[in-house]
Structure formats: C-alpha cells, structure tokens
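Q: For reference, the chains in residue letters:
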Amino acid sequence: MAGWPILSLTTFLPLVGAASILAIRGDAATVARNARNIALWTTLATFLLSLLLWAGFDPNVTGYQFEERADWIPAFNISYHMGIDGISLFFVLLTTFVTPLCILASWERIQHRVKEFMIAFLVFEAAMTGIFCALDFLLFYLFYEAVLLPMFIIIGVWGGPQRVPAALRFFLYTMAGSVFMLIALLVFYFNFGTTDIPVLIAQGHTLSSSTQIWLWLALAASFVIKIPVWPVHTWLPDAYAEAPGGAAALLAGVLLKVGGYIFLRFSIPMLPIGSEVLAPLVYALAVIALIYVSGVTVMITLAYGDLKKWVAYATLAHMGFGYIGMFTMTTQGLQGAVIVMLSYGLISVALFCCVGMLEERANTRDIARFSGVVETMPVFAFAMMVFMLASLGVPGTSGFVGEFLVLVGAYQASSWLALFAGTILVLGCIYFLWMYRLVVFEKAERADSSGLKDLNWREVAIVVPLVLVILWIGIYPDSFIHETTATVGDLINHYQTALAQAGSVAVALH
Amino acid sequence: MELAAVFPPLLGSIIAGFFGRWIGVRGAQIISCAGVVSAALTSAWLFNDVALQGHARTVEVFTWIKSGSFVAPWALRFDTLTVVMLIVVTFVSSCVHIYSIGYMEKDPHRPRFQSYLSLFTFAMLMLVTSDNFIQLFFGWEGVGLMSYLLINFWYHKASANDAAIKAFIQNRVGDLGFALGIFVVFYLFHAVDFGTVFAAVPGVAVQQIHFLGFEVNGLTLACLLLFMGAVAKSAQVGLHSWLIDAMEGPTPVSALIHAATMVTAGVFMVARLSPMFEFSPTASAVVTVFGATTAFVAATIGMTQFDIKRIIAYSTMSQLGYMMFACGVSAYNAAIFHLMTHGFFKALLFLSAGSVIHAMSDEQDIRKMGGLWKLIPVTYVALWIGSLALAGIPLFAGYFSKDMVLEAAYAAGTPVGTYAYWLGIITAGLTAFYSWRLLLLTFHGKPRADHHVMDHVHESPAVMLLPISFLAAGAVCVGFLAYSWFVGGDRVGFWHDAVLILPGHDSVAAVQHGAVPAWAENLPTMVALAGIVSAYLCYMVWTGLPGFFCRTFKPIHHFLYNHWYYDILVDRFIVEPSLALARGVWKLGNGTTLDGLGPRTLVAATQYVGQRAVRLQSGYVFHYAFAMVIGLVVLVSWFYVNG
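Chains as they are written, first to last, in our numbering: chain X, 1 to 510; chain A, 1 to 643.
Next comes chain X alone, as it looks inside the complex (with noise of 0.2 Å):
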C-alpha cells in the first residue's frame, strides 16, 4: 500500500463521482435518485480511504507523510508536491467525514437539477481536500480559488429568496482577499525561486521583519475575510442564511476552517517574526470577534430572529479560539487550536443541519414560529441539547478539551487574554440556552411546532455519528490530540528557533 498514492486518491475521488453523476441518463426522478446515491456512496468512499491515512499516519514522525511529489511546471520550479502532517491530518477526515452527512442533509430539501447540486458537492470536495494536502503553493492557492466556484454556484442557484445577492458578495469579499494571497505567492516566489511549502518553512524566517510583517498581512487579510474575522464579516450571515441547509454547513463546518489551517501551514512557520509581532492583533480581533459575535447572537435571540443567522453568528463567536490558540505558540495552545477548529467543524455542522431539519419540516426559520418542539421531536432535542452543551464547552463533549486547552495555552501568554476569552463561557450559554429555551421548551402554544413529525432515518443517520465523534472527542480526546504531538513539538521549536536566530525581537512571551 506505501506505493499508492492516497492523498491523491482521496483528493480527487470525488471528481471520479462528479464525472460519473455527469455521464447519467434517463428521466427526472431517475437522474435524481441516482445522483443522490453516487453522491453519497462517493463520499463515503472517500472516507474510508482517508481513514487509511489516520491509520497509516505515525505519529512519533516529525514532518510530512503520504507525500508525493511529480514535477508539475518545471521551468518555474514548481511542482506537484501533497503531504500531510498531524494538523492537516484532521482536516482531512474533517472534510471526508462530513461531507456525506451534508449530502445526506441535502438529500430532500434540493428536488430540482439534484445533479447539478451533486455535481457541485463533489466538486467543493475535492478542492477541500487538496487545501489541506497541498505541499506547493502554487497548488495549494489553485485549491483556494478552485473551492470558491462550487459554493457561488451553490448558494446562487439553490439559495433562499435573496441568494442572488448574497453569492454575489460572498464572491467578491472571498475574490477581494484572494488577490492579496496571490501577490504573498508572488513576493515568496520571487525571494525563494520556488512554491514548495517546506521549503519556504525552512527559509521563510530569513526575510526582514518588515518584509515578513508585509507578507504577514497579505496573507491574514486573505483570510480575515473568508474565516471571516470581525469586521469584516458582513458577507457571512447573509450567505449562510441563503445557503441550502447542506452547503452551509460544509461552509461553516470546513470552509472556515482553511482561515485557521493557513495560519498554521504559512504565517507560523513562514513567517515568525511577523507572527511575533502581529500576535496582539489577532488577539484582540478576536476578542472583539468573540464578544461582538456574542452581542449580536443575544439580539438575534431577543428579537425572534432567523434561526440560520442565528446559527451563523454563534459558531462564528468560538473561531477567534483556533486563532488565539494558535498563536500563544505553547503547546497547549496549539494543540487546543487544532481540536477546537475540528471540533467547531462538526458543531456548526451539526447545528446547521438541526436548523435545515426544522426548516424542512416548518418552512420557516423564525424562532418565533416554533416553541416546545421537544414534545413532538424528542430525538432531535437531544441531539440538538448535545450540539449545544458542546458548544457550551461542557466537560465530556469535544468543545471542553480544545476551548479549555487554548485557555490554559492563553493564560500563558496574558491573563488578560484569557479573561476576555474566557467570558465566552458565560456569554455563550446567555444565547444557547435561551435559544433553546425559545424553540424546545416552554409549552407549544407559540408555534407551527405541534404537527412537527421528529426524526426520520435519514435524519438519524446524520446526527448520530456527529453525536458520537464529539462525545469521543470529549472523552478520549487522546486519540487526536496524541496523532498532532510530533507535529506542533516540531513547530514550536522550528518558531522558537527562528525567532532566537533573527535575535531582534526579544522572546516575549509575557
């Protein structure tokens, strides 16, 4: 099996399954029925072959493995170059794993072209995973852009009523950062001679500090807007809101996530001079990210708002955890970072698709319009009440061990840090459980929610393996934090030492 080259297999399986969706002939229903089911099988596929991976995965290794490596362009010195190491592992099985449930979440809601939606799906899949195992830059940027035409299309063809223009801002804020980690792919080119990751980790740290804080902040604005770090945000709940249930959970579940994956794979290693000095910045974006997003999710609850903005804005809130995480650079925090961005993958997956169950069965997603659903969907509020203690960051659920680890990692850095990150701990449960409150509870008097049917199979196939994922996670958090152990030891030295040879900036560690 060494001979294979997986990552390349997992990659682009899914576009195996589009060419396939594509090939399908026959009336309406059938091309439907057929399309859903290759969709789903390919998916599947795919996760199983990347649960070789974590199988195959060492995790005493420093470094990358899986890689491959063929020359692509080899006039630029540019190749095709994959490899994954204990970060970008989990992003992988993040993707696979919850792309099929998202198929699965789309399954009824999308009744016209289905193959055309399934087709996109796959498409957006492929792309995912090539971020994550891209080792070259260029390759790695082609992934970017290529992500970013599927969920246009997703959101502007299957949206809600106001979707035309909300894929139109989600394109152009998305293409506006995009053009600032082109020009960072181009300053590195032309100071290394070359795209290859590892390369520029090894080197990156050899630019001057002005140069590397440039660089530094092409790149974080890229990402700034497609994370999307406040205040830049404004795109994001409107293409949440009109995205159809499936996509937006893919966006928020993974999608978001690149924000935090590019921080770990460029600006860190790269550039860590840059990061030193930019570290408070990010901080405090966060901080006013996470306090900021509280705000508005507590109005949206009082005022009986949209329950998919709703849902936008309260998985947003805990992003600023990767980002803090990540750059106390202890390893801690690091190693919180990663399970906080896995695990915030799988709760906004999960809390999007609650949301697109109860807008399927209500056609609307007032949170006014429902009340007491427990009474006739009792599956769903529990699987709902586990969503959201995991959200809480409640010990035994996946939210505790990343959230708790930043904080420790936090606390390291700067006191201050950590009592403004740790507010989150109450300021998410204001919005949490009155939301829950509002829908779940309370008599079912307020609410179309009486005739409300609960859970079928299809739906229970969903939120079960979800529900599973985050107790393990929050019980035996040791099967994923150990895989990244090798990894982040690595980064922190490798950071430690370039800032010790740059010898400018003094360790400052607080």
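No wet-lab data here; the hints were simulated from the structure. Some hints could be false.
Listed below are the simulated DSS-like cross-link pairs for lysine-lysine, each with C-alpha atoms no more than 25 Å apart in a straight line [claimed, not checked]: (1) X:K453 x X:K443; (2) A:K374 x X:K453; (3) A:K106 x A:K446; (4) A:K157 x A:K66; (5) A:K106 x X:K443; (6) A:K446 x A:K374; (7) X:K309 x X:K453; (8) X:K443 x A:K446; (9) A:K368 x A:K157.
Since we're looking at a predicted model, the values are computed, not measured.
Fit chain A to the supplied structure of chain X, relying on the hints for placement.
A: Chain A in isolation, oriented as in the chain X frame:
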C-alpha cells in the same frame, strides 16, 4: 471494585434514559434505583476499607487530556474525604430515587426523571473522586448541567425555564473564576493533578505573579479564583440567588441537588484543596468572611418568607455558610462533619416538605396550611426530627456538628473567627425561630386551606415514607455515631492525610484541648432554645405579634422580605447601565459603521434596535446575566487603561 462505586448510576441513567420506551416506567425506575443502591453498598464497603482500615488509593481509568505537561487522566481517588462524600451522595441519592417513585407518580416523564437523577449522581461521584483539577471541573460542570436540566424538568413552565437558565449562568460566572484558577495553578505548578500540586505548595507559597496588571501572591490568587467557583456552587452571598429560584424544580431534586449534595461541592472543594488554602491565610480569611456573612444573611431572609421550599432553601444557604467558615478557620474536618449531618437532615426536611406539598395538592405557601399534624402524622414527626437536628438540639445530628463548627470558629482566635462565631450564634437563634415558624404554621392552628384541599390531605405512600424514615434515623444517629471519627479522639486515624491542617491552625484540636470556655460552648444551644420558644410565643400564644413587628419595623421587614434588595440592586446598578452600553455598542457596530452599505440595512437595523429596546425593559433573567458580563468587561477594560 472501586469502579462499582461510581459507574452503576451512569449505566442506570443510560438504560433508563434511552431504553425507557422498551423497559417501561417501572423498569426504568428499578434499574436506576438499582444503580444507585449498588453504588451505595459499594461506598459503604469503601468507607470501611479506606477510612477505617486506612487503605487510601487512586485508581486510574484511562488517559483523558494529555498535552505537554498538562496531564489529566480519568482517575478515581479514594481517601477519607472522598469516601465520606461517597456515603453522603449515594445514600441520600438512593433515598431520593426511591422517594421519587412515589412523588412523581403522576408525571408522564418518569423514566427521564430517574435517568437525570442517576446521571446527576454519577457527575457528583466523579466530582468527589477526582484526582485532578480537570476532572473536578468535569464533575463540577456536570452537576451544574444536571441541576439545570432538573430545575427545568417541567420545561413547559416559564418560571422553571427562567430559574434554570439563571442557575446555569450564575454558576458559569463562578466557573469562569474556577477555570481561571486552574490556569493560575497550571502556571504556578506546571501540573494539574492534586498530588504534584499539593506537594509543591510550600515551595511556591510566596511566589508573586502578574495578574491583570497587578502583582499578587500567586497561591492566594489561585485560591481566591477557585473559591469564586465555590461561591457560585455553594450559593454564598453574591452569587446566591439562583439557589432560591431553583426551588422551581421538583422537590426530590431540591432535596438531592439543592440541599444535600451539589451545593456542598464548594465546601468539598475547599476541603479538598486544604493543602493550598492552609498556606494562604488571606484566602482563608476571605472564605471565613464569606461563609459567616452568608449564614447570617440567609437566615434573616428565611425568617420572612412564606414558601415552604424557599424557607428551607434559605436555611440550606445559611448552613452552607457555616460549613464554609469552618473551612476558613481550618476546621475542615468539622466542616465535612457538618456537611454530612446536614446532608441527612436537610434531605429529610425537603422530602418531608415534599410530602406536605403532595398532601396539600401542590400548595407551597405556609400561610395557606395549618392544622395538618393529625392528618399526616409521619411527615409531622419527620419534620420535627429534621428541625431539631437543624436547630442543633442536643443528641440530634446537627448538635454535634454545628456546635463543633461554632466552637472551632471561637477557638481559632482570629478576628475573622470571632466575627464568624458571633454571626453564627445569631444565626443559630434565627434558624431555630424560622424552623419552628414553619412547623407551627404548617401543622398547627386552624386549617387555612379551603375544604377541597383539606379533604384530599393524605399521608404519603410507603415508598415515600420509607426513605423519609431512613433519613430521619440518620438525622438522629449520625451525629453521635460519627463524632469521634470526624472531630473527636479518633480523628487523626480517621482522616489520615486527606485534609491538611497546619499545626498552628488546628482549631478543632484547640476545642478538644479546652480552649473554649463553658459559656461559649453552651451558647448555641441556649440561643436555639430561645429561638424555639419565641417562635412558639409568636405563632401559638400571641399570634398578633408577628404582624405587629412587621408593621413597627416596616422598612426592615421590607428589606428582608425582598431578599436584601439583592436582585433590585443588581438590576439598577449593573444591568441597566450595562444594557445601555451594550445597546450602544451594538447599534454602533452593526447599524452604522460596518454594514452601512445601504439604506436598507440601516433601516432594518434601526427597527431591530427599536423592537429590542422594548424587550430590553422586561427584566428577563438573561439580560441580567449578559449585563453582568458586559459590566465585568467594562470594569476590566477600565482598570487596564488606567492601571
């Protein structure tokens, strides 16, 4: 074998919760009861083995979180402190499980109820057996969560929802402090397991660290932050009001969670962390002051309330204050002793109160009771026993523990100890007074309920009376049976090194060596008797007297009746200003600066704010919590800028 003390309730909970549909209500009840009862039997065995035979040990189950030097396994630590807590938790829990079969008879969600109770028990057991701060936090949040779910058990009631959310949020505020405390501990000790941390305490006792711009003693800071968690969990003044509202939950829940077990977790935590608190006199003094003040404040309010459960809730809060100040004066053993006796007699009081409520068709206002004693004699006797124990009348359980707590405070000889002693004495009198006020108003005099209710008054079924009798036996016996182990001559061999008391601090030893004069020893009993007599005079002889007092001292009565204006003050001085601020920030952020892309957005945002402004006046519980945090943030930012 050790696992059998902790995991059966979890199993019971899972089976009752998920398979209730298949095994039926009766099956769920039997399974969940079997789970806790078997845990109780194992605990009894462990009590003998660990505390009496001296075989303290730790069982590691498997790795939990391991990140660099941050290592927290799932481990079960069994020492004397733990097994005492095991006894209290599993025995009271068993009683409550069985009692619930009768009490919840008409509820359609009985399997869910039993499942929650068992899951709570499991979380509590994880809390008391924890071997590191993280597992302690797991149990801590776990019991908080179950408390939320159980307060909210009747989820269709708006008041239950309010109370549950309030409980969760106030506890989360405390947990934020707890979490920060853990971070400080890790920063100081580079470890989070008790063994390593406790061993290293003497070495870092004087280390200064930076915290939020201040230079402070690291150990004291850690203790105080951790204590903040205890303040919320054990309803000490400042973060206490959730406990009173928590009475919205079913009565068995109040007995188990809000009297005997969960709320004592704060006391347990301070005792568990005695090796840290012992080296920080400042932190101990703060604990003492908090405890004594809480005891007094709660008792004064308890005198004026009319809801039978709320009166008992205030007495719980008051007794928690006693335990807390006992910890503060280094009488951890006396605190845990009182915790145990209190667990029995307070659970007894709540279950008896539940029996009264059951008999009175869910009436809880003691003004609408009266004349019940002949109708429900067993409950009547049980309530007498519980009250005698609570008041600390000789031979009953409370007498031994409460007197020891008070004497230890006296013997500590510190200013805060003296403060605690005198407030404790006053509180003892007030406690006796309101206990008999409750008894007399409920059971004596003319019936004040209408005849429909009175016709239905009936003694509870055996399944409820059995646990009550068991607890009653406990409330009579545990005091003199366990006195010698906990605080008497055998205490050294009993406690081993489960709690650390530095030689100069041992106030219980001072009591045993006669540091307390006879008058100070007898004063608590005298005051309690005086309280009973005055209650008798007020409510049986000169029944006009209470009304006269209320009219004469109207401002004082108002002040007490309205819970020292606590909620009102919080509302006025924290909630309203913070809300105005939050609203302003939100308007600025969303409406004009960031998304001012088009008039549409602006208009929508303005409407949004308008709608909200109306809603914001309504005083929902969670506004208050949100505002509390905003207030905190503002305060901290202000210090940051100016300091």
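Q: Next, verify each hint and record whether it holds.
A: Going through the hints against the structure:
no. : hint            : verdict
1   : X:K453 x X:K443 : holds (17 Å)
2   : A:K374 x X:K453 : violated (51 Å)
3   : A:K106 x A:K446 : violated (30 Å)
4   : A:K157 x A:K66  : violated (43 Å)
5   : A:K106 x X:K443 : holds (19 Å)
6   : A:K446 x A:K374 : holds (12 Å)
7   : X:K309 x X:K453 : holds (24 Å)
8   : X:K443 x A:K446 : violated (38 Å)
9   : A:K368 x A:K157 : holds (23 Å)
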